[in-house]
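Visitor: Could you put together the complete structure from these sequences and hints?
There are 2 protein chains.
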Amino acid sequence: SSTAVAVTPATPLKTAEMLRDAALKDDVAFDITEGLTTEVGQRMAGTEAEARARDWAVAKLKSLGFKNVRVETFDMPVWVRGEEKAEIVAPFPQKLTLAALGNSGATPPEGLRAEVIGFDSLAEFQAAHDALVKGKIVFVSHGMVPTQDGSGYGYYGAARRQGPSIASRKGAAAIVIRSIGTDHHRNPHTGVQSWAEGVTPIPAAALSIPDAEQLQRILKRAGNRPVTMHLTLTPRNIGIQQSGNVIAEVPGRDPKAPVVLAACHLDSWDLATGAFDDAAGCGITAAAAKRVMDHGQPLRTIRVVWFGAEEVGLFGGLDYMRKHPNEHAVIAESDFGADRVWRFDSRVAQTAQPVVQDIARALAPLGIAQGFTDQAGGSDIGPMAASGVPTMELQQDGTRYFDIHHTPDDTLDKIDPEQLRQNVAAWTAMLSLTSNAAVEFGPMPPVQR
Amino acid sequence: SSTAVAVTPATPLKTAEMLRDAALKDDVAFDITEGLTTEVGQRMAGTEAEARARDWAVAKLKSLGFKNVRVETFDMPVWVRGEEKAEIVAPFPQKLTLAALGNSGATPPEGLRAEVIGFDSLAEFQAAHDALVKGKIVFVSHGMVPTQDGSGYGYYGAARRQGPSIASRKGAAAIVIRSIGTDHHRNPHTGVQSWAEGVTPIPAAALSIPDAEQLQRILKRAGNRPVTMHLTLTPRNIGIQQSGNVIAEVPGRDPKAPVVLAACHLDSWDLATGAFDDAAGCGITAAAAKRVMDHGQPLRTIRVVWFGAEEVGLFGGLDYMRKHPNEHAVIAESDFGADRVWRFDSRVAQTAQPVVQDIARALAPLGIAQGFTDQAGGSDIGPMAASGVPTMELQQDGTRYFDIHHTPDDTLDKIDPEQLRQNVAAWTAMLSLTSNAAVEFGPMPPVQR
Ligand SMILES: [Zn+2]
Ligand SMILES: [Zn+2]
Ligand SMILES: [Zn+2]
Ligand SMILES: [Zn+2]
Numbered sequence: 007s008s009t010a011v012a013v014t015p016a017t018p019l020k021t022a023e024m025l026r027d028a029a030l031k032d033d034v035a036f037d038i039t040e041g042l043t044t045e046v047g048q049r050m051a052g053t054e055a056e057a058r059a060r061d062w063a064v065a066k067l068k069s070l071g072f073k074n075v076r077v078e079t080f081d082m083p084v085w086v087r088g089e090e091k092a093e094i095v096a097p098f099p100q101k102l103t104l105a106a107l108g109n110s111g112a113t114p115p116e117g118l119r120a121e122v123i124g125f126d127s128l129a130e131f132q133a134a135h136d137a138l139v140k141g142k143i144v145f146v147s148h149g150m151v152p153t154q155d156g157s158g159y160g161y162y163g164a165a166r167r168q169g170p171s172i173a174s175r176k177g178a179a180a181i182v183i184r185s186i187g188t189d190h191h192r193n194p195h196t197g198v199q200s201w202a203e204g205v206t207p208i209p210a211a212a213l214s215i216p217d218a219e220q221l222q223r224i225l226k227r228a229g230n231r232p233v234t235m236h237l238t239l240t241p242r243n244i245g246i247q248q249s250g251n252v253i254a255e256v257p258g259r260d261p262k263a264p265v266v267l268a269a270c271h272l273d274s275w276d277l278a279t280g281a282f283d284d285a286a287g288c289g290i291t292a293a294a295a296k297r298v299m300d301h302g303q304p305l306r307t308i309r310v311v312w313f314g315a316e317e318v319g320l321f322g323g324l325d326y327m328r329k330h331p332n333e334h335a336v337i338a339e340s341d342f343g344a345d346r347v348w349r350f351d352s353r354v355a356q357t358a359q360p361v362v363q364d365i366a367r368a369l370a371p372l373g374i375a376q377g378f379t380d381q382a383g384g385s386d387i388g389p390m391a392a393s394g395v396p397t398m399e400l401q402q403d404g405t406r407y408f409d410i411h412h413t414p415d416d417t418l419d420k421i422d423p424e425q426l427r428q429n430v431a432a433w434t435a436m437l438s439l440t441s442n443a444a445v446e447f448g449p450m451p452p453v454q455r
Numbered sequence: 007s008s009t010a011v012a013v014t015p016a017t018p019l020k021t022a023e024m025l026r027d028a029a030l031k032d033d034v035a036f037d038i039t040e041g042l043t044t045e046v047g048q049r050m051a052g053t054e055a056e057a058r059a060r061d062w063a064v065a066k067l068k069s070l071g072f073k074n075v076r077v078e079t080f081d082m083p084v085w086v087r088g089e090e091k092a093e094i095v096a097p098f099p100q101k102l103t104l105a106a107l108g109n110s111g112a113t114p115p116e117g118l119r120a121e122v123i124g125f126d127s128l129a130e131f132q133a134a135h136d137a138l139v140k141g142k143i144v145f146v147s148h149g150m151v152p153t154q155d156g157s158g159y160g161y162y163g164a165a166r167r168q169g170p171s172i173a174s175r176k177g178a179a180a181i182v183i184r185s186i187g188t189d190h191h192r193n194p195h196t197g198v199q200s201w202a203e204g205v206t207p208i209p210a211a212a213l214s215i216p217d218a219e220q221l222q223r224i225l226k227r228a229g230n231r232p233v234t235m236h237l238t239l240t241p242r243n244i245g246i247q248q249s250g251n252v253i254a255e256v257p258g259r260d261p262k263a264p265v266v267l268a269a270c271h272l273d274s275w276d277l278a279t280g281a282f283d284d285a286a287g288c289g290i291t292a293a294a295a296k297r298v299m300d301h302g303q304p305l306r307t308i309r310v311v312w313f314g315a316e317e318v319g320l321f322g323g324l325d326y327m328r329k330h331p332n333e334h335a336v337i338a339e340s341d342f343g344a345d346r347v348w349r350f351d352s353r354v355a356q357t358a359q360p361v362v363q364d365i366a367r368a369l370a371p372l373g374i375a376q377g378f379t380d381q382a383g384g385s386d387i388g389p390m391a392a393s394g395v396p397t398m399e400l401q402q403d404g405t406r407y408f409d410i411h412h413t414p415d416d417t418l419d420k421i422d423p424e425q426l427r428q429n430v431a432a433w434t435a436m437l438s439l440t441s442n443a444a445v446e447f448g449p450m451p452p453v454q455r
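Protein sequence lines correspond, in order, to chains A and B. Here my numbering is used: the first residue of the first sequence is 7, the next is one more, and so on. Here my numbering is used: the first residue of the second sequence is 7, the next is one more, and so on.
Read the hints as simulated data drawn from the structure, not as lab findings. Each hint should be verified, as a subset may be incorrect.
Note that the list lumps identical chains together, so a pair holds whenever it fits in one copy or between two copies.
[Said to hold, decoys possible] Here are the simulated BS3-like pairs of lysine-lysine, each with C-alpha atoms no more than 25 Å apart in a straight line:
#1 91 - 68
#2 31 - 226
#3 68 - 226
#4 31 - 329
Guide: What follows is the structure in structure tokens.
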């Protein structure tokens with residue numbers, strides 16, 4: 007146009023707002039999510055599938071223009087799923103659908119047959135006399151319902167995390183739990199559990215939610231007749247294998263300045279292609295970092311890390327933490343699906359509050375409110391955050407997260423491209439402002455538990 | 007109360023309205039649906055599970071007070087599912103989830119390996135040159151979406167019903183279709199298909215919808231590279247086995263009057279407990295007939311029939327038709343889930359139009375509009391209806407029917423007790439009015455196709 011326009015010098019906030027708005031048309035995050043889930047599929051930690059995912063990630067991040075793209079490998083013990091079958095033998099013969107929990111023990115190859123004893127909650131099970139449980143297959147149910155912040159996972163998830171060890175200590179033959187989830191589909195929710203010190207592994211699995219409700223009805227309608235289950239689970243430990251973190255950078259103008267970490271995890275559970283958990287997180291963080299990169303070199307380096315082996319025990323996050331102490335200005339991770347960000351939390355020093363306020367201002371038009379300013383975390387970055395590294399967190403809407411989480415249903419069709427773009431826009435604003443801020447973000451005191 | 011109330015003589019319509027309103031508190035239909043799906047579970051036609059379902063049905067119908075409770079057996083060929091696995095070998099190795107279609111041929115025990123060729127519709131596949139297809143695994147997709155009247159099933163279902171025979175004729179090694187369904191869960195939709203005259207059976211299966219979309223993406227992202235699948239399906243024909251129809255009656259005051267038939271089917275597919283398809287239909291029809299029975303003996307006999315072997319080819323309906331010609335005043339069936347009735351269709355003689363009008367009046371307060379008066383059908387009763395037996399049909403809302411239909415997800419949790427009660431109320435009104443009507447309902451001319 008021939009009309010003269012007054013040019014206002016760009017402030018960091020105005021730049022972030024401009025990049026944010028452009029990100030609402032982003033296609034990079036979806037392309038990464040689709041590519042990783044289609045061209046690799048499931049990528050269980052420590053397996054050849056996760057190795058293929060690393061190769062795919064390195065090629066993809068290089069093609070997007072990132073620098074210093076590399077893999078940092080580490081070793082870890084690997085457990086793999088085997089056969090899994092459950093059948094009610096009496097009084098109402100029928101098959102049930104389940105999936106072994108991570109680190110589950112195995113039944114004999116031909117399975118085991120035992121009476122089922124049911125409990126409506128972990129608390130009820132804990133209170134039961136050992137004699138009641140001994141030699142039986144314990145069934146623990148619960149009443150998890152969806153929440154926006156996903157807070158039910160901590161409480162109800164105890165059935166998965168602690169139930170198996172409690173069952174073993176009480177002398178149970180095996181344990182099956184109602185899946186830690188909020189859907190009603192025949193898709194069991196797997197997930198990791200670790201045996202408590204000195205506890206003998208026993209077979210441990212999660213029934214799909216319709217199957218768990220079916221087992222409750224079977225127990226009720228059986229009346230005084232014992233309910234017998236034939237359970238076959240043949241997972242194996244295949245020893246120490248290699249995993250790795252994929253790292254890529256947008257080098258900053260000041261190579262000595264502490265870096266901004268944008269994280270996700272590359273591995274998935276083995277039952278699905280892990281679109282929600284966590285291919286989308288990798289798409290979001292890389293797409294946002296690329297937008298900042300393409301606009302011009304930021305002050306600080308943005309380091310994109312796609313962690314390995316998150317699902318099975320945060321092996322990647324812990325390895326990275328050991329190798330990269332004292333390098334970070336601020337850290338953040340996307341690992342809660344791909345639905346819209348609704349809250350911005352942070353835990354950074356007073357000196358960085360002006361940056362926090364700019365970020366909050368840039369996020370508000372996306373429908374994101376400021377939440378905690380003294381609390382923020384993440385999955386792989388959790389231990390670093392707890393140790394006092396300054397942290398920011400873009401909270402995603404988790405209302406349907408536990409419908410899908412760790413099930414065969416975590417597939418690309420669950421991704422809403424519009425909500426995914428809102429995530430990229432929010433991350434773009436946050437990365438633009440943090441990577442160009444010359445303030446001190448921390449350190450913070452360690453989190454008291 | 008001490009207030010004197012004028013008693014109006016009950017008309018058939020007023021009685022029907024009174025019974026209808028009481029049925030909105032019904033618990034019998036849910037109890038039958040829960041009992042059959044819990045205490046028997048899946049009940050595949052011609053198997054011992056279906057035999058257990060008949061025993062359960064006889065005991066239940068007797069305990070509800072029905073008379074002349076009996077089983078009419080018949081013989082039928084039986085096909086049973088075996089192992090089913092599909093894996094993309096190259097270029098993007100990964101497992102896909104599928105289920106064999108009824109009467110599918112088998113691969114060798116170790117599976118078969120072939121290139122996949124994809125088509126976006128049955129029409130596109132039909133138009134393809136045989137040479138393009140020969141020796142390959144054909145993949146047929148389609149774009150089925152939900153409709154209230156379920157009318158997409160006829161059109162899109164052709165991929166399942168005709169696709170396998172077309173594939174065999176063209177020389178394909180096997181066929182996999184996108185499930186005939188409208189959901190996005192990792193649950194394949196099975197269903198019957200019959201080989202056309204002279205066609206050699208080949209392996210035929212349905213991918214879950216997320217897996218079908220994944221295969222489309224794999225084909226697209228593979229570009230010029232061939233996509234190879236390793237497919238293993240080992241179903242078997244186990245020969246002629248026994249099935250049967252379970253019959254129960256509410257004897258009418260006039261034993262010579264043609265009877266009112268209230269039908270459902272007792273068998274289910276083997277992947278789930280068949281709550282929607284069709285335990286609910288059995289619950290609805292029996293609960294409604296019981297309500298009429300408990301109010302007092304109707305003029306005509308109401309015959310409740312829970313047909314065997316519907317899913318695999320209407321064997322029960324055809325056997326019943328041969329054994330019971332010329333016995334029916336009017337016939338009706340419930341076999342489309344358990345969501346609310348929204349339309350009342352009929353095909354009866356002019357002499358019975360006053361009854362049709364009374365039924366329409368009794369149904370209107372339930373939110374049910376009158377639809378066709380020259381068209382009505384059903385699954386097992388379809389051949390009888392087509393032959394000219396007077397028929398009524400309470401159309402159920404099918405918007406989510408094909409989310410669940412023939413999948414592992416057809417379980418009790420999908421039943422909405424309130425909508426189920428609305429069904430019972432509608433059926434109660436219809437059975438009350440038809441069983442007490444002294445008019446001629448037919449016969450009607452055969453349906454011209
Ligand atoms: Zn995760
Ligand atoms: Zn996870
Ligand atoms: Zn049916
Ligand atoms: Zn059916």
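Visitor: Run every hint past the structure and note whether it holds.
Guide: Checked hints:
When the C-alpha separation of residue 91 and residue 68 is checked against a cutoff of 25 Å, the pair qualifies neither within a copy, at 43 Å, nor between copies, at 36 Å. Only between protomers do residue 31 and residue 226 lie at most 25 Å apart by alpha-carbon distance; the minimum there is 23 Å, versus 54 Å within a single protomer. In this homomeric assembly, residue 68 and residue 226 come within 25 Å of each other (Cα to Cα) only across copies, at 23 Å, whereas the closest approach inside a single copy is 58 Å. Taking the closest pair of Cα atoms, residue 31 and residue 329 never come within 25 Å of each other, the shortest separation being 36 Å inside a single copy and 66 Å across copies.
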